[in-house]
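Please model the entire structure based on the sequences and the hints provided.
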Amino acid sequence: MAHNTEASLDTRIYTPYARLLKLQSQVQALSLLPHLMAQSAMSGRHSSPFRGRGLNFEELRHYQLGDDIRNLDWKVTMRTGKPHVRTYTEEKDRNFILCIDQRSGMYFSSVDTMKSVVAAEVGALAAWRIIKDNDRVGFIINHSDHIEYIKPQRSQNHLLHGLKRLCHANQSLGLHSEDSDSVGFAATISMLGNLGLKNATLVFISDWSDATEHDIDRLKYLQQHNDILSVIISDPLERRLPDEILDASTLVFGDGKYQLSVTEKHKLNAANAGLAAQSQSKLESLRQLMSIKKLPVIELTTDGDHIARFKRAVGGFSS
Numbered sequence: 001m002a003h004n005t006e007a008s009l010d011t012r013i014y015t016p017y018a019r020l021l022k023l024q025s026q027v028q029a030l031s032l033l034p035h036l037m038a039q040s041a042m043s044g045r046h047s048s049p050f051r052g053r054g055l056n057f058e059e060l061r062h063y064q065l066g067d068d069i070r071n072l073d074w075k076v077t078m079r080t081g082k083p084h085v086r087t088y089t090e091e092k093d094r095n096f097i098l099c100i101d102q103r104s105g106m107y108f109s110s111v112d113t114m115k116s117v118v119a120a121e122v123g124a125l126a127a128w129r130i131i132k133d134n135d136r137v138g139f140i141i142n143h144s145d146h147i148e149y150i151k152p153q154r155s156q157n158h159l160l161h162g163l164k165r166l167c168h169a170n171q172s173l174g175l176h177s178e179d180s181d182s183v184g185f186a187a188t189i190s191m192l193g194n195l196g197l198k199n200a201t202l203v204f205i206s207d208w209s210d211a212t213e214h215d216i217d218r219l220k221y222l223q224q225h226n227d228i229l230s231v232i233i234s235d236p237l238e239r240r241l242p243d244e245i246l247d248a249s250t251l252v253f254g255d256g257k258y259q260l261s262v263t264e265k266h267k268l269n270a271a272n273a274g275l276a277a278q279s280q281s282k283l284e285s286l287r288q289l290m291s292i293k294k295l296p297v298i299e300l301t302t303d304g305d306h307i308a309r310f311k312r313a314v315g316g317f318s319s
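Last residue of the sequence shown: number 319 in the working numbering, and the count goes up by one each step with no gaps.
Hints are computed from structural coordinates only; laboratory data are not their basis. All of these numbers come straight from a predicted model, not from anything done at the bench. Glycine included, C-beta positions come from ideal geometry on N, C-alpha and C. A portion of the hints provided could be inaccurate.
As the list claims (entries may be wrong) - Result set (DSS-like, lysine-lysine): computed pairs, CA atoms no more than 30 Å apart in a straight line:
1. Lys-220 - Lys-132
2. Lys-220 - Lys-282
3. Lys-75 - Lys-151
4. Lys-294 - Lys-151
5. Lys-151 - Lys-220
6. Lys-132 - Lys-294
7. Lys-198 - Lys-220
8. Lys-198 - Lys-164
9. Lys-198 - Lys-132
10. Lys-151 - Lys-164
11. Lys-132 - Lys-151
12. Lys-294 - Lys-220
13. Lys-294 - Lys-282
14. Lys-82 - Lys-198
15. Lys-132 - Lys-164
16. Lys-282 - Lys-198
17. Lys-164 - Lys-22
18. Lys-294 - Lys-164
19. Lys-22 - Lys-220
To be verified - Pair ranges (Cβ atoms, derived):
20. Leu-283 - Ser-182: 20 to 28 Å
21. Thr-11 - Arg-86: 35 to 43 Å
22. Lys-294 - Lys-151: 48 to 56 Å
23. Gln-288 - Ser-25: 32 to 40 Å
This is the structure:
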């Protein structure tokens with residue numbers, strides 16, 4: 001059940017709708033990767049690897065009176081002895097889909113801020129930037145019991161509707177939340193595949209906890225016609241359990257479905273080795289995926305500094 005009294009919310013645990021609205025004021029310090037070199041063959045505006053509004057080559061033809069001399073193709077002109085110009089058409093507006101994880105596994109933090117809050121706020125910040133750039137923004141929100149798709153549109157009212165739905169998903173999480181079998185990462189990729197997207201930017205904001213190697217391979221297929229930006233949110237406790245838990249015999253870790261109690265040093269070491277290997281393997285798979293388009297994997301944590309970190313990672317600056 002959603003928490004209705006926003007004024008009483010602990011903003012480390014739940015994000016208020018008003019907070020998502022206020023993030024609009026921070027988009028001036030944010031742009032989508034303008035500092036990266038245009039390594040992709042399909043780079044667009046901002047001189048980044050993202051496709052976007054720009055100029056598409058249309059045809060090569062003879063020079064006509066009134067043509068812009070800057071469009072002369074000097075190689076063809078020299079070869080044929082007759083002036084030729086290259087003509088261009090402007091690309092259509094860009095579609096962005098923000099895939100924001102609000103499943104039960106995201107309702108966790110051992111430091112400051114829940115992973116679900118980090119995902120919701122970073123998603124909202126990106127959405128405001130997209131609308132400011134006059135592009136279309138849509139959402140895929142993974143609730144604990146269903147996946148919600150909101151079609152991309154260029155409208156602030158549409159954005160506000162998306163943020164309300166995101167806020168509802170965030171505030172519906174709780175200690176007893178348990179995920180349905182139909183809301184996994186694979187289901188999200190299947191939904192995207194069925195949309196038949198081309199020339200879109202897909203932004204995944206999640207802990208990527210259940211993303212398999214097969215899922216990553218399917219993302220590579222989507223990446224043939226679209227751009228993908230991956231944001232991975234982690235908590236220190238997911239990478240290494242502290243030695244102190246050996247002194248807390250009653251301390252039990254759980255995810256709403258399974259529980260783990262560690263009371264012996266060798267078991268703790270084994271658990272930490274497994275956690276570190278799993279975390280590194282996931283990160284390496286994402287880095288390989290993102291390296292195809294020369295894009296970074298954006299790593300965020302639950303330390304409460306996620307907004308500033310995200311802005312720095314995508315080429316902005318923290319204010």
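Within a Cα-Cα threshold of 30 Å, do Lys-151 and Lys-164 meet the stated pairing?
-> Holds - the C-alpha atoms of Lys-164 and Lys-151 are around 15 Å apart, at most 30 Å.
Is it true that the CA of Lys-294 sits at most 30 Å from the CA of Lys-282?
-> Status holds; Cα separation ~18 Å.
Sort out whether Lys-164 lies within 30 Å of Lys-294, counting only the CA atoms.
-> It is violated: about 34 Å lies between the C-alpha atoms, which goes past 30 Å.
Lys-294 and Lys-151: Cα distance at most 30 Å?
-> holds, 28 Å
For the pair supplied as a hint, Lys-294 and Lys-220, confirm whether the alpha-carbon distance does not exceed 30 Å.
-> holds, 14 Å
Return holds or violated for the Cβ distance of Leu-283 and Ser-182 against the range 20 to 28 Å.
-> holds, 27 Å
Lys-198 and Lys-220: Cα distance at most 30 Å?
-> Judged against 30 Å, a Cα distance of about 13 Å means the pair holds.
Starting from Lys-151, check that the Cα of Lys-220 is at most 30 Å away, please.
-> It holds: about 22 Å lies between the C-alpha atoms, which stays within 30 Å.
Lys-22 paired with Lys-220 [C-alpha distance capped at 30 Å] | Not OK: Lys-22 and Lys-220 at ~35 Å, beyond 30 Å, violated.
Restraint check for Lys-164 with Lys-22, where alpha carbons must lie at most 30 Å apart = Holds. Lys-164 to Lys-22 sits at ~13 Å (cutoff 30 Å).
When you take the CB atoms of Gln-288 and Ser-25, is the distance between them in 32 to 40 Å?
-> holds, 36 Å
Measure nothing beyond the straight line between the CA atoms of Lys-198 and Lys-132; if it is 30 Å or shorter, mark the hint as holding.
-> holds, 22 Å
Hints 3, 14, 18, 19, 21, 22, counting from the list given before, are not met by this structure.
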